[in-house]
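J.: Sequence lines, in order, name chains L and U. With the first letter of the first sequence counted as 1, position 213 gets the number 203 in the working numbering; the numbers rise by one all the way through. With the first letter of the second sequence counted as 1, position 86 gets the number 76 in the working numbering; the numbers rise by one all the way through.
Derived by calculation from the structure, the hints in this document are not laboratory data. Keep in mind that a hint or two might mislead.
Chain copies aren't distinguished; within one or between two, either way the pair holds.
[Claimed, not checked] Straight line, CA to CA, 16 Å or less: simulated EDC-like cross-link-like pairs of lysine to aspartate or glutamate:
(1) K274 to D53
(2) K141 to D151
(3) K29 to D118
(4) K77 to E266
(5) K267 to E81
(6) K119 to E34
(7) K29 to D125
(8) K264 to D125
(9) K86 to D49
(10) K2 to D118
(11) K86 to D197
(12) K115 to E266
(13) K24 to E42
(14) K141 to E167
(15) K86 to E42
(16) K77 to D125
(17) K115 to E188
(18) K115 to E34
Below, each chain spelled out in residue letters.
Number of protein chains: 2
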Amino acid sequence: MISKLINEIKKKNAPIVVGLDPQLSFVPEEILNKWYAEKGETLEAIGEAIYEYNVGLMDSVSDLIPAVKPQIAMYEQFGIPGLVAYKKTVEYAHSKGLVVIGDIKRGDIGSTSTAYAVGHIGTVKIGDKSIKPFDEDIVTVNPYLGSDGVKPFVDVCNSDDRGIFVLVKTSNPSSGELQDKETDGTPIYEVVAEKVNEWGAESMDGDYSNVGAVVGATYPEMGVRLRKLMPKTYILVPGYGAQGGSGKDLKGFFNEDGLGAIVNSSRGIIAAYKNEKYAGMDYKEAARAATIDMIEDIRVNALGAN
Amino acid sequence: MISKLINEIKKKNAPIVVGLDPQLSFVPEEILNKWYAEKGETLEAIGEAIYEYNVGLMDSVSDLIPAVKPQIAMYEQFGIPGLVAYKKTVEYAHSKGLVVIGDIKRGDIGSTSTAYAVGHIGTVKIGDKSIKPFDEDIVTVNPYLGSDGVKPFVDVCNSDDRGIFVLVKTSNPSSGELQDKETDGTPIYEVVAEKVNEWGAESMDGDYSNVGAVVGATYPEMGVRLRKLMPKTYILVPGYGAQGGSGKDLKGFFNEDGLGAIVNSSRGIIAAYKNEKYAGMDYKEAARAATIDMIEDIRVNALGAN
């Protein structure tokens, strides 16, 4: 799967992913009101509104980007109708040729992680039928339970040609409370990085592994170090834009081949229409303009293009 | 919420919880075949079968136990129809007077954890309406992202009178890969335990906090130590039975008041009908017999009752 993502990144010349994290306050009022009128003040109305919003966003930017990253929490928040919108969003993204990175951050003991892996990136066998319940291409995985919790995902990466990004160093302010603790002089996030190499060796796909890592744009020095520690690992970089990271901070996340990282922006693109810089544009136009600006920033400031 | 759980534990004289983790191989064939006949080889058929199985289990044991713990992965595995079965299971459990511990192990950066918290144990406001999308009483939370990832859940514990159990030391064989790493002589699971005390102080409910901890039955020495480190924390103890823990290992998880811990068994109860010991019983009778045996084991061997 990682080779497919890399191909799409090269084709679009854009190592970026748009985070489809539809907080209710981002959804334009006219879309919300239309669905409230049709379905009342219900979770169903919100599910439909979120999906319409996402479709508009993807229609507007899909020719520019290789992938989208829906954050499942923003859908799960609205119960079953929210998760229906999530599933439909995954399907629509595939219809637009986009790679889908499901930001699910799951992880549990062995048999339970197997269930998550099968449900999200794998195949359920029912009698003679094979069904892919959520059908993301790649998902994010939490490593707190150790190898037991991650290897079932790696197995499904191999059986179904899929990928994962394991949380190594997250972008949030308190990520250091556990992740930066040192053990024999090595911070926990580097202990996880070594594990990512180990797990990743079992699922190589060309020059890179299907087992990637999440490292926040908000910690650029750690990005430089982790880049070197995990040479065959693709890094998913959240925290660009609204969380504070910018193109010049991201240079160290890439390898010399210009590959090795994919940078996510959510709010900065999907809610760009609320930003003064894009005043007068509707949400789709603003998302497109913000995507173009972000790609330019990454190309020039992170990758050194002219 | 923890005081409600404690009241139920006292009323039933049973500090145990039954894990509703319906792996497909546990669901009796006659239930599966009935739903395949009605709905074909579909996820919908499996969702209905799982729900019928769970109803049978709850009808059989609800007078004996204070709580159930559905493991959401086992439902999510089957996509939307699986999650519909999860939601119906939560509702049915409430109709039987059971406290519902949703084993969801979620955790993310701040705004995203808020979405999970609201969706599972909180309230979504839509116009004038308030809706509780999944409506569990308590959920499990992964601490790898630090306070940012946990505090939004604590806030919802306070606003909606709910609870959480934070993963401290999990029951699986590889849990030590990260959790046992020592930092300045303190293992990471104790670093998390100290955080649990800190987070828990913000949501006290009687003698105990709404912020509990998960500590595996498979690590009894650590249980003893963590019990002392977190005196006001309720401990959810997985790993009894099938994973290897037994009543005598669990003494140290309880406080001297006989409270402070609730022990989970999943497979050992819900699939007891596959165990030779309960041969000749149907799945409901076997689950009831296994529940009675487990309660006796905990009362005599962990709590020292005569």
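J.: Confirm or reject each hint.
T.: Cross-check of the supplied hints:
1. Only within a single protomer do K274 and D53 lie at most 16 Å apart by alpha-carbon distance; the minimum there is 13 Å, versus 55 Å between protomers.
2. In this homomeric assembly, K141 and D151 come within 16 Å of each other (Cα to Cα) only inside a single copy, at 14 Å, whereas the closest approach across copies is 37 Å.
3. For the homomeric pair K29 and D118, the shortest alpha-carbon distance between copies (14 Å) is at most 16 Å, but the shortest distance inside one copy (38 Å) is not.
4. In this homomeric assembly, K77 and E266 never come within 16 Å of each other (Cα to Cα): the closest approach is 32 Å inside a single copy and 42 Å across copies.
5. In the homo-oligomer, the alpha carbons of K267 and E81 never lie at most 16 Å apart, since the shortest distance is 32 Å inside one protomer and 47 Å across protomers.
6. Taking the shortest Cα distances, K119 and E34 sit within 16 Å of each other only across copies (13 Å), while inside one copy they are farther apart (30 Å).
7. Taking the shortest Cα distances, K29 and D125 never come within 16 Å of each other, neither inside one copy (28 Å) nor across copies (22 Å).
8. Proximity of K264 to D125 under the C-alpha cut-off of 16 Å is found in neither arrangement, the shortest distances being 32 Å within a copy and 33 Å between copies.
9. Taking the shortest alpha-carbon separations for K86 and D49, only the intra-copy value of 8 Å comes in at or below 16 Å, while the best inter-copy value is 47 Å.
10. In the homo-oligomer, the alpha carbons of K2 and D118 never lie at most 16 Å apart, since the shortest distance is 39 Å inside one protomer and 45 Å across protomers.
11. When the C-alpha separation of K86 and D197 is checked against a cutoff of 16 Å, the pair qualifies neither within a copy, at 26 Å, nor between copies, at 55 Å.
12. Neither within a single protomer nor between protomers do K115 and E266 lie at most 16 Å apart by alpha-carbon distance, with minima of 50 Å and 28 Å respectively.
13. For a Cα distance limit of 16 Å, the shortest separation of K24 from E42 inside one copy, 11 Å, qualifies, whereas the shortest one across copies, 38 Å, does not.
14. In this homomeric assembly, K141 and E167 come within 16 Å of each other (Cα to Cα) only across copies, at 13 Å, whereas the closest approach inside a single copy is 25 Å.
15. For a Cα distance limit of 16 Å, the shortest separation of K86 from E42 inside one copy, 15 Å, qualifies, whereas the shortest one across copies, 39 Å, does not.
16. In this homomeric assembly, K77 and D125 come within 16 Å of each other (Cα to Cα) only inside a single copy, at 8 Å, whereas the closest approach across copies is 21 Å.
17. Taking CA atoms no more than 16 Å apart as the test, K115 paired with E188 passes in neither setting, with 29 Å inside one copy and 45 Å between copies.
18. Taking the shortest Cα distances, K115 and E34 sit within 16 Å of each other only across copies (13 Å), while inside one copy they are farther apart (29 Å).
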